[in-house]
Amino acid sequence: MTAQASSPRTPSMDAMQNEVLAEVRNHIGHLTLNRPAGLNAITLDMVRLLQQQLDAWATDADVQAVVLRGAGEKAFCAGGDIRSLYDSFKSGDTLHEDFFVEEYALDLTIHHYRKPVLALMDGFVLGGGMGLVQGADLRVVTEKSRLAMPEVAIGYFPDVGGSYFLPRIPGELGIYLGVSGVQIRAADALYCGLADWYLDSSKLALLDEKLDTMEWQDTPLKTLQNLLAKHAVQTLPDAPLEALRPAIDHFFALPDVPSMVEQLRAVTVADSHEWATTTADLLETRSPLAMAVTLEMLRRGRHLSLEHCFALELHLDRQWFARGDLIEGVRALLIDKDKTPRWNPPTLAALDAAHVASFFHGFAESGS
8 MTAQASSPRT
18 PSMDAMQNEV
28 LAEVRNHIGH
38 LTLNRPAGLN
48 AITLDMVRLL
58 QQQLDAWATD
68 ADVQAVVLRG
78 AGEKAFCAGG
88 DIRSLYDSFK
98 SGDTLHEDFF
108 VEEYALDLTI
118 HHYRKPVLAL
128 MDGFVLGGGM
138 GLVQGADLRV
148 VTEKSRLAMP
158 EVAIGYFPDV
168 GGSYFLPRIP
178 GELGIYLGVS
188 GVQIRAADAL
198 YCGLADWYLD
208 SSKLALLDEK
218 LDTMEWQDTP
228 LKTLQNLLAK
238 HAVQTLPDAP
248 LEALRPAIDH
258 FFALPDVPSM
268 VEQLRAVTVA
278 DSHEWATTTA
288 DLLETRSPLA
298 MAVTLEMLRR
308 GRHLSLEHCF
318 ALELHLDRQW
328 FARGDLIEGV
338 RALLIDKDKT
348 PRWNPPTLAA
358 LDAAHVASFF
368 HGFAESGS
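This note's numbering puts the first residue of the sequence shown at 8, with every later residue one more than the last.
Hints were generated in silico from the structure; no laboratory data involved.
Heads up, a few of these hints could be off.
As the list claims (entries may be wrong) - DEER-style ranges, computed between Cβ atoms:
1) Asp-62 - Pro-253: 41 to 47 Å
2) Asp-62 - Ile-342: 31 to 37 Å
3) Thr-285 - Gly-200: 22 to 28 Å
4) Ser-279 - Asp-207: 31 to 37 Å
5) Arg-306 - Pro-352: 17 to 23 Å
6) Ser-365 - Gln-58: 31 to 37 Å
Note that this is a predicted model, so its numbers are computed, not measured.
Using N, Cα and C, we set each Cβ at its ideal position, and we do this for glycine too.
When you get a sec, could you build the whole thing from the sequences and use the hints?
Now the structure itself:
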């Protein structure tokens, strides 16, 4: 999800094609998200174009691997085009329903793709952008990478498989990332297992040259791994989350979000006080309902298969526009732009556990 506005007109086929660029070079299919002015926020048309191209390349003997990237210098993909989803719900259209069904199917395609996928995660990788890359075999970050599942800031929950990949990060780090929506950089992405390689952005052009000229030896995946090993590294020093891990594992294992905030506020140890206070302050700006549902979703997701995690997210999606805080979050951020969302409930203290649980009713009967 992101804060990018969509055009009110229906784009021509040429314009749609230009939003996803595709070419094959040296047996590699290159896919480029091409909305740099909109931080490559993904639309339903782009989802369909990506799916169509990946399906075609899956059975194309000339294509050995796929490289996925975003155009421009600011973002790989800053999420989904939430303005179009808001407009769809308000107008009684079905785009907001179709979008999630097809976006999740695309993400699953990448997770299960029969050929290696290399994702170049330069710049912002937020929300839907994370959904595109977390199923890739080789995930490369740069010094400009900013990764996050920031949905709780707009009254939503971390979807696109977030219920699967976040709780599988060691300890409670994934719970922290999902409930708070904080951004992380390259060192933390590697430490958390949300990326595999680090490459300075100035070397991306060189990597492209090597991809264009390398000889295919061994398996396609091994060939790409060998190339990356010559130009990239797999660890970086001084990952901030490594130092914070004991505190995060304590606070974000607590039973509920109000307990987390209460105990964060009670921290008096000097070296932890600033982080604890800042984190508590941040949580109190997020949608209480979105955080509570996110916490429950992530904890359930730890024990679900990838497919069932996506099914759970769709189960929540089908209720969220009418019952959740997303419409209010988009109103405050994009429509009225007052940046003062009126969450329902307005505070963590007003959360009703039964109301939170009601979002999950019926999911077991749906095949989980």
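Each hint, compared with the structure:
no.	hint	verdict
1	Asp-62 - Pro-253: 41 to 47 Å	45 Å, holds
2	Asp-62 - Ile-342: 31 to 37 Å	36 Å, holds
3	Thr-285 - Gly-200: 22 to 28 Å	25 Å, holds
4	Ser-279 - Asp-207: 31 to 37 Å	33 Å, holds
5	Arg-306 - Pro-352: 17 to 23 Å	21 Å, holds
6	Ser-365 - Gln-58: 31 to 37 Å	33 Å, holds
Checked against the numbered hints above, the structure violates none of them.
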